[in-house]
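Asker: Line order of the protein sequences matches chains A and B.
So for the first sequence, the working numbering puts the first residue at 1; every next one is plus one.
So for the second sequence, the working numbering puts the first residue at 1; every next one is plus one.
Hints in this document: simulated from the structure, not taken from any laboratory.
Predicted, not measured: the structure shown is a model, and the values here were computed from it.
Please note that the accuracy of each hint is not assured.
Stated by the list, open to error - Quick look at which bits of chain A chain B covers, simulated, 3 or more residues with Cβ under 8 Å:
#1 43–53
#2 240–254
As the list claims (entries may be wrong) - Heads up, simulated DSS-like pairs for lysine-lysine below, C-alpha to C-alpha not over 30 Å straight-line:
#3 A/Lys19 with B/Lys283
#4 A/Lys239 with B/Lys286
#5 B/Lys238 with A/Lys6
#6 A/Lys19 with B/Lys239
#7 A/Lys239 with B/Lys253
#8 A/Lys286 with A/Lys238
#9 B/Lys238 with B/Lys136
#10 A/Lys6 with B/Lys239
#11 B/Lys238 with A/Lys239
#12 B/Lys286 with B/Lys238
As the list claims (entries may be wrong) - Ranges of calculated distance between the beta carbons of each label pair, as one might list FRET restraints:
#13 B/Ile189 with A/Asn166: 53 to 61 Å
#14 B/Glu233 with A/Leu4: 18 to 26 Å
#15 B/Lys239 with A/Gly90: 57 to 65 Å
#16 B/Thr113 with A/Ser9: 40 to 48 Å
#17 B/Val255 with A/Lys238: 47 to 55 Å
#18 B/Pro23 with A/Asp97: 36 to 44 Å
Ideal Cβ placement from N, Cα and C applies to all residues, glycine included.
There are 2 protein chains.
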Amino acid sequence: MASLEKVSSNRVSTGYLTKYKFPSSSLGGLSTQFNVFIPSSASENSTVPVLFYLAGLTCNEDTGAQKGGFLNTAGEEGIAIVFPDTSPRGAGVEGEDDDWQLGTGAGFYLNATAEKWKKHYNMYDLVVKELPEVLKGANLGLDFSRWSITGHSMGGHGALSIYLKNPGLFKSVSAFAPACNPSKTPWGINAFTNYLDYKTRSSPPSEWLPHDTSHLLQNYKGDVNILIDVGTEDDFLKKGQLEPESISSQNKKGVEVRLQDGFDHSYYFISTFAPEHVAFHAKFLKA
Amino acid sequence: MASLEKVSSNRVSTGYLTKYKFPSSSLGGLSTQFNVFIPSSASENSTVPVLFYLAGLTCNEDTGAQKGGFLNTAGEEGIAIVFPDTSPRGAGVEGEDDDWQLGTGAGFYLNATAEKWKKHYNMYDLVVKELPEVLKGANLGLDFSRWSITGHSMGGHGALSIYLKNPGLFKSVSAFAPACNPSKTPWGINAFTNYLDYKTRSSPPSEWLPHDTSHLLQNYKGDVNILIDVGTEDDFLKKGQLEPESISSQNKKGVEVRLQDGFDHSYYFISTFAPEHVAFHAKFLKA
Chain A
1 MASLEKVSSN RVSTGYLTKY KFPSSSLGGL STQFNVFIPS SASENSTVPV
51 LFYLAGLTCN EDTGAQKGGF LNTAGEEGIA IVFPDTSPRG AGVEGEDDDW
101 QLGTGAGFYL NATAEKWKKH YNMYDLVVKE LPEVLKGANL GLDFSRWSIT
151 GHSMGGHGAL SIYLKNPGLF KSVSAFAPAC NPSKTPWGIN AFTNYLDYKT
201 RSSPPSEWLP HDTSHLLQNY KGDVNILIDV GTEDDFLKKG QLEPESISSQ
251 NKKGVEVRLQ DGFDHSYYFI STFAPEHVAF HAKFLKA
Chain B
1 MASLEKVSSN RVSTGYLTKY KFPSSSLGGL STQFNVFIPS SASENSTVPV
51 LFYLAGLTCN EDTGAQKGGF LNTAGEEGIA IVFPDTSPRG AGVEGEDDDW
101 QLGTGAGFYL NATAEKWKKH YNMYDLVVKE LPEVLKGANL GLDFSRWSIT
151 GHSMGGHGAL SIYLKNPGLF KSVSAFAPAC NPSKTPWGIN AFTNYLDYKT
201 RSSPPSEWLP HDTSHLLQNY KGDVNILIDV GTEDDFLKKG QLEPESISSQ
251 NKKGVEVRLQ DGFDHSYYFI STFAPEHVAF HAKFLKA
């Protein structure tokens, strides 16, 4: 297993935010960086629960840590937060830097199956499998039996789909302005068309559906703990990228979709509701 | 008087953060931008108190708004926050972009008297006189009879020196890692040597002292409300740029200097204590 190299460390809230890097087998051996906030109370003998934050298109491991407004509440609640990057960096795939909606900064939290991308673009494995293993191996005081996940936009799709693909692995999920129905909306269609190899030409192809939150929720057995916030003045809501009604219209128990009046897609929206999201997860992580 | 042109507006906390620009006479007619957070409760008939945040070297009007962590507490307290830029932009002064400690991003919140800089580099007049006048003229619901000021690093010097130069104008001042004794420390010596014309060659020149917080406080008559936080792991503290003991050693009533264990010079430090600073100012602004 890869070992972690410390890049930087900053005292913040009741602990430290530390940036690490390691060579990721999920990403074809490329080095990947992440930030992790750990309350100073955490130790091997006194572990703390863990929240993952998945950022959106064009962002990286710093964006949520710097602008998200999560850390003070996480510190008060005694919860660690892990901020992964949003894609491999420097894979050298032709065209990966040409489109902000694909390639670098746009890994979409899935494992690519298309020949061109599949060696490096496996952010699903990185987030769900490799990163937790590497963190457990580092003995930083994180308790992955108490694990929740949140994210923004593309990262909201990531958080919700990862939660629903892994029943029982996470205590709760939340999302800010997530792409809820990516098999039918432009960002998702662009990503799935490129990253996923598929044989059928139904619309949407059946190979896409296991990565679509709306579809996953329809077929989910068991209880869920889901909180979604979307701003009513979000341009990407207006452009049909988010489709929160594909979730709210299912009227599932344990799912709350809130439309926040006047808010947009920015980190000003996220930082306003970040404390509430951390508190939402704390309820399940510390139950 | 210049009128404001809206650049952008984002719903955040209990109000909106709006970016404006206007041609500034203080800055020789150059356009300057600032952000202002205003709680939605503010109106011409129900005004709110005002806090100015002055950012540090290399920063601009966005840095404190995006990374400072001030807005949720300001929203709860019903306080507006104004985030000015840190220098003129595009003045065309020879060498203004060559050194991150001078020129662009480094206005030092004073009025330049040296021939080369004096047409444009008058951030003191912008912050203390022109910006309040322009804001009052725009009828945004801000009450400048309840006005406080804070800042970081170079902006901490700005906040403290501006407060002490104007007895009675501000209710309170606070600072994060401020340059407390700039007439004797490298950033200040560099800035004052370039921006300020002076005839004497005493060390420090007497023309510098009216811009030095430590000197201003020594000679201040009357009560003060001052809160200063400095991290013990701040590299610029270790390099002798900040010198908080030049303030704390005066043992003045109404001055609290706190050394925060393990914190550095970054916005992670600021965002940790920003809620406490807003609450400190609220005590005086809402008294």
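Asker: Give a verdict on every hint.
Answerer: Status of each hint after checking the structure:
{"no.": "1", "hint": "43–53", "in the structure": "violated (count 0)"}
{"no.": "2", "hint": "240–254", "in the structure": "violated (count 0)"}
{"no.": "3", "hint": "A/Lys19 with B/Lys283", "in the structure": "violated, 37 Å"}
{"no.": "4", "hint": "A/Lys239 with B/Lys286", "in the structure": "violated, 43 Å"}
{"no.": "5", "hint": "B/Lys238 with A/Lys6", "in the structure": "holds, 22 Å"}
{"no.": "6", "hint": "A/Lys19 with B/Lys239", "in the structure": "holds, 24 Å"}
{"no.": "7", "hint": "A/Lys239 with B/Lys253", "in the structure": "violated, 57 Å"}
{"no.": "8", "hint": "A/Lys286 with A/Lys238", "in the structure": "violated, 37 Å"}
{"no.": "9", "hint": "B/Lys238 with B/Lys136", "in the structure": "violated, 41 Å"}
{"no.": "10", "hint": "A/Lys6 with B/Lys239", "in the structure": "holds, 24 Å"}
{"no.": "11", "hint": "B/Lys238 with A/Lys239", "in the structure": "violated, 51 Å"}
{"no.": "12", "hint": "B/Lys286 with B/Lys238", "in the structure": "violated, 37 Å"}
{"no.": "13", "hint": "B/Ile189 with A/Asn166: 53 to 61 Å", "in the structure": "holds, 59 Å"}
{"no.": "14", "hint": "B/Glu233 with A/Leu4: 18 to 26 Å", "in the structure": "holds, 21 Å"}
{"no.": "15", "hint": "B/Lys239 with A/Gly90: 57 to 65 Å", "in the structure": "violated, 34 Å"}
{"no.": "16", "hint": "B/Thr113 with A/Ser9: 40 to 48 Å", "in the structure": "holds, 43 Å"}
{"no.": "17", "hint": "B/Val255 with A/Lys238: 47 to 55 Å", "in the structure": "holds, 51 Å"}
{"no.": "18", "hint": "B/Pro23 with A/Asp97: 36 to 44 Å", "in the structure": "holds, 38 Å"}
Figure legend: structure checked against the earlier numbered hints; hints not met, in rising order: 1, 2, 3, 4, 7, 8, 9, 11, 12 and 15.
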